[in-house]
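Same order as they appear, the protein sequences are chains R and Z. So the mapping is simple: the numbering used here equals the position in the first sequence, first residue as 1, plus 1453. So the mapping is simple: the numbering used here equals the position in the second sequence, first residue as 1, plus 291.
Since the hints were made in silico from the structure, they are not lab data. Do not rely on the hints blindly, as some may be mistaken.
[What the hints assert, rightly or not] With a cut-off of at most 20 Å between alpha-carbon atoms, the simulated SDA-like pairs for lysine to any residue come out as follows:
#1 Z:K455 <-> Z:E426
#2 Z:K343 <-> R:I1770
#3 Z:K772 <-> Z:L588
#4 Z:K455 <-> R:G1678
#5 R:K1754 <-> R:I1770
#6 Z:K455 <-> Z:R323
#7 Z:K343 <-> R:T1627
#8 Z:K455 <-> Z:H493
#9 R:K1616 <-> R:R1675
Since the structure is predicted, the reported quantities are computational estimates derived from the model, not experimental observations.
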Amino acid sequence: MSAAMTGTVAAERPTSTFQTFLSRRAGMMPTFAALIILVLLFVGAEAFLRGDFITPGNISALLLDNAYLVILAVGMTFVILTAGIDLSVGSVMAFTGILGAQLLARGVPAWLAIVTMLAGGAVIGLLIGTLVQYFSVQPFIASLAGLFLARGLAYVVSLSSIKVENTGVLWLQTNRIRVGDWYITPTGLIALLTVAVAAFVLHLTRFGRTIYAIGGNEQSARLMGLDVGRTKVAAYVISGFCGGLSGLVLTAYSGAGYPRNGIGTELDAIAAVVIGGTLLTGGRGYVLGSLVGVFVYGTIKTIISFMGAEQSWMQIIIGALLLLFIVVQRAIVARSEQRR
Amino acid sequence: MRADTPPIVEMRGITIRFPGVLALDGVDFLLRPGEVHALMGENGAGKSTLIKALTGVYAVDDGTITVAGERRTFATTADAQAAGISTVYQEVNLCPNLTVGENVMLGHEPRRGRTIDWRATHTEAERHLRSLGLELDPRTLLSTHSIAIQQLVAISRAMVLEAKVLILDEPTSSLDRDEVEQLFGVIRDLRDSGVAILFVSHFLDQVYEISDRITVLRNGALVGEYPVADLPRDALVTKMIGRELDDLEALSRSAHRVIDRTGEPVLRAEGVGRRGVLEPADLEVYAGEVVGLAGLLGSGRTELVRLLYGADRPDHGRVAVHGRPARITSPRHAIDRRISFSSEDRRGEGIVADLTVAENIVLGIQARKGWMRKIRKSEQDAVVAEYIEALGVRPADPQLIVGNLSGGNQQKVLLARWLATAPELLVLDEPTRGIDVGAKADIQHKVSELSAQGLSVIFISSELEEVLRLAQRIAVLRDRKKIGELDSGDVDLDGLIDYLANEGKGSAA
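Only chain Z is shown next, with the shape it has when bound in the complex:
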């Protein structure tokens, strides 16, 4: 785009500290009128922190924000809106119980004296909707329209506030292909009329389709700003993921173990998917095998395992366990078939922070036995002691409250809970995220050791090195679709990144 246009938003040296964490470390960010600017980075890279600094949700510890040539400090979102910065969030933030027109105009309705002039309100709303090419009856209830339309209504609302800067935070995550096209049409029109658009998405294809410029963040720091044409996909992925020197290289590469794939697999999934969540995918896991799922956040890796485990209901596909057809529509069915799942959301869906280490471990066995069956105290103690020892939970006190342990030890307790149920297939979603290197190595060793003893594992991690090291086979996902499978013996990190970014795209962008 016009690189010479003076920026409408200029953020310089933005630093934000949270207790114990440097969330943003001197990040520069420029946004120019009439461009679509993608902000990219993995989870925890600082994208949402940067957006929240710009929209007045977080106060900035260091650095300056200049909007349209003026230095600004935003204390509230209302301040930012007044300065012309509007945000459309991933979850539509409108009121489904009100009409379309009212949602567009709420708080800005034309009035006669103190009373709302409904006729004028609806006419004006219709005008704003039309200017985005939306032919909608403003008197219909918002909830009668699709999410895509609601998303566009949210943008219309931003236009009422005469936004000069429009922030779209994952606007496409619940839209299907046609709906994304509608949205992109509107975005292009807005861009051409001079609105600066900040676009955040995990979908690489969409980023390349709509953006003019890309800024990459990693671990709270700026990696760089690039025109889209100068940044091929694999370069982008490499910049997002980074390459850390590997302290864990000493780990025996369990990836080279040979797996016997002649018999029936422990789990065979054929065409499992759900509309708007994941395109139908196949997956097989054999006894003693570690299958890695590689893909960026939002690529569908978590969605796939949640469908397999019954945490979400698939609307396509068949699953067989040991060759026998299995209907798994709730986690109970999965547990009954000796499949255990450790969620990526450790605090929300994993440990019970207010219970002790022992209680957390016993929960899993209890779930398997049924809540009516009593488990003898001595039996509980034995199991708990065994797993604390085996996984090296520190401190090794079964009576500690789990919430007080470090992330790594919480993860070990979670792993212990599922191992205590003696699963045949263990699904681990990001088991090493946000934990220290020592605990990470412990967990990797344990996974490798258990699989050598015959446990089947589906292993998900954003760290591709980790996946390459542990898994014999890697299923690669992108944009909610499984794009292929690789034998980890045949591929190195660069090969995997290239595959992740470019496979099925023809030549590199």
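Same shape as in the complex, but just chain R:
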């Protein structure tokens, strides 16, 4: 067998560097778009507020205030990459948060409370993943069941908020590592670490590539001999675990567990993931994009409170951005299908 016999197959090699870049990195375009929007928001706010916006304090606070959402968005990215959805994460965050606060109030050691929170989130994820994979339940429905279950469990633990006195847990929030006017808390570090680990797993392990393959074409992934079943369940377990982790971060942030926390937060997480360039149809997107998505979301929120406008504007702007992004994504998908 030799190349000389068939000659070489002319598969148009891209000519310019720009074309090479495009044909290799077409999938990154929505994420770049999100980054550009973030920069535009910063610049616009800076101009509008006459230099009061881009300050070390504001940027540091952006990460601090949205650490819980970053973690939720990371977990959600795994699920959406497999073309699924997880509606349970807001409730899981509330449930694990109130559970942890209750355990700490009863004198359980902090490490055990934390492990229980994380395990609790992961178990709910396992339940949803099992329903999706082995009982062929639509991810929407399975995770909706998870949403109600976790919210109900949160109310079972406590109907009112429970203050956290444990210094270890509060330290996650109060300890500020300062560099000049910049600062970061352990909760912010946890969020960034989650992003880093997720990026590593998604891009450098076979498990991560299987996640992408499933989102690209589940049937193909199966015929290629990849372990589709376990990988899909694992995506939901990761999302549930992230729900537990963000429960911990939010509890530390607010100094209390509250069973009504995070109502609708799952939708914020989905919005952040989509704005960050991950396709709801699966297989395309980056966890770093989701981080950018959360920052876009958080920045809009900050700008609105700076302007003293009504919070309802927040929803309108996020809604408009989502629409815009979904249309952009459709256009990209349609274009790549056309080129075949």
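Keeping the supplied structure of chain R fixed, place chain Z upon it in accordance with the hints.
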């Protein structure tokens, strides 16, 4: 090829039963290294069942599979892959969102510890692609390449698994001529390097171009294995189609009715086609005429009628209905012009299995009237009763769920649905496939009777006898191209088979 080489795959007495059906009945199949072996047969002959037995998708009820001298039972496709048997399917089974290189290597990426070594992955992928003569940047997205290239990437993937047996199931069905040439170049190289290749295609020309040996199946049984040189095309077609003793010969030959072709035809299509689907074709259908479309499966007969009906969009050609130009780009336009189409996919595109007989029949009238217009209950009942009676639907209960009826009766309900819309042109795609002889005769009688009353019909069937019996004129298609038209008075079955296999080929192969 080298007939003395010991076979790499030896399947003996393979029997597979599905509930109520004997899908394969003691079939023998031998595949030798360094040959391209075509597996031929009409739909339902058992080709895909045999392939699935070999790739571990179906368990074998009886018989043995020996690969490279060892007895094997494959429980999963992964088992078969491990034994060196790889399959490239008709629909490219790769991930369009990933890079070419990743698709080649997925699940087999070189790693350092637990992490993927991307540089090595892409280098190795490039090596595999090169060995098939593919100059591709492995870092480009798969979806930026044509289907043909993707098909070749799928073969490269099979090579990573060091396949000794490569199964190509309809690999050319979405490729154009040049792309098929690329693919065949690769197949020949692989063959010469000793890979055994099992090739399934409905395109006779391609089978004769690439294959060394042909195995023919019919109705789940082996007809025989032949070197390509010993099996002329018409012999192959005869073996694939078979000749069944005809219980239906009593049917009056509506084919001999004389059709008045002086006025404007009900439908005139000029140069209707679509790239990669059907080469531009002409077709005329006059009032009261039955035009048969003959051709093997995949020859373009279904594609032609779908284009005419607007179920698929043609990119060439003009259509006129009663001499007036008509733009038919959706089934609605066709229905508005009194053209009805009964799909070959009875369950998928025909009946609604969960609705009753009456509801299924009324659907057609409703579609024609527009969904806003109410149809009175008494009117519905009258129409339903009339057609159940006229077509002999059994049991004659309008309230039965259609899914519970036999195939033949489902087909009658479908026919009733379209007849109730009072069409001027009725397109029937395989209306008698998979139904019992009685229902088959009923449907043939009905078609003959209705056409005598002035209905125009386009009739598609894999059973050439049926086409010859019903149609006055037969349009013959092969390899997605209309190759000619015959007057059914001038031709018998042998003549039609010969035409189907050889017309335009010069002398017989």
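Hint check results:
Straight-line distance between C-alpha atoms of K455 of chain Z and E426 of chain Z comes to about 23 Å, which puts the hinted pair past the 20 Å bound. For a cut-off of 20 Å, the pair hint linking K343 of chain Z to I1770 of chain R is broken: about 53 Å separates their Cα positions. For the suggested pair K772 of chain Z and L588 of chain Z, the alpha carbons sit about 12 Å apart, so the restraint of at most 20 Å is met. For the hint pairing K455 of chain Z with G1678 of chain R, the CA-to-CA distance comes to about 17 Å; that is within 20 Å, so the pair holds.
Simply put, K1754 of chain R and I1770 of chain R have alpha-carbon atoms about 10 Å apart, close enough for the 20 Å limit, and the pair holds. A distance of roughly 10 Å separates the Cα atoms of K455 of chain Z and R323 of chain Z; the hinted pair therefore holds under the 20 Å criterion. For the suggested pair K343 of chain Z and T1627 of chain R, the alpha carbons sit about 63 Å apart, so the restraint of at most 20 Å is broken. This hinted pair does not check out: K455 of chain Z and H493 of chain Z have alpha carbons roughly 24 Å apart, beyond 20 Å.
Note on K1616 of chain R and R1675 of chain R: the hinted pairing is violated, with a Cα-Cα distance of about 48 Å set against a maximum of 20 Å.
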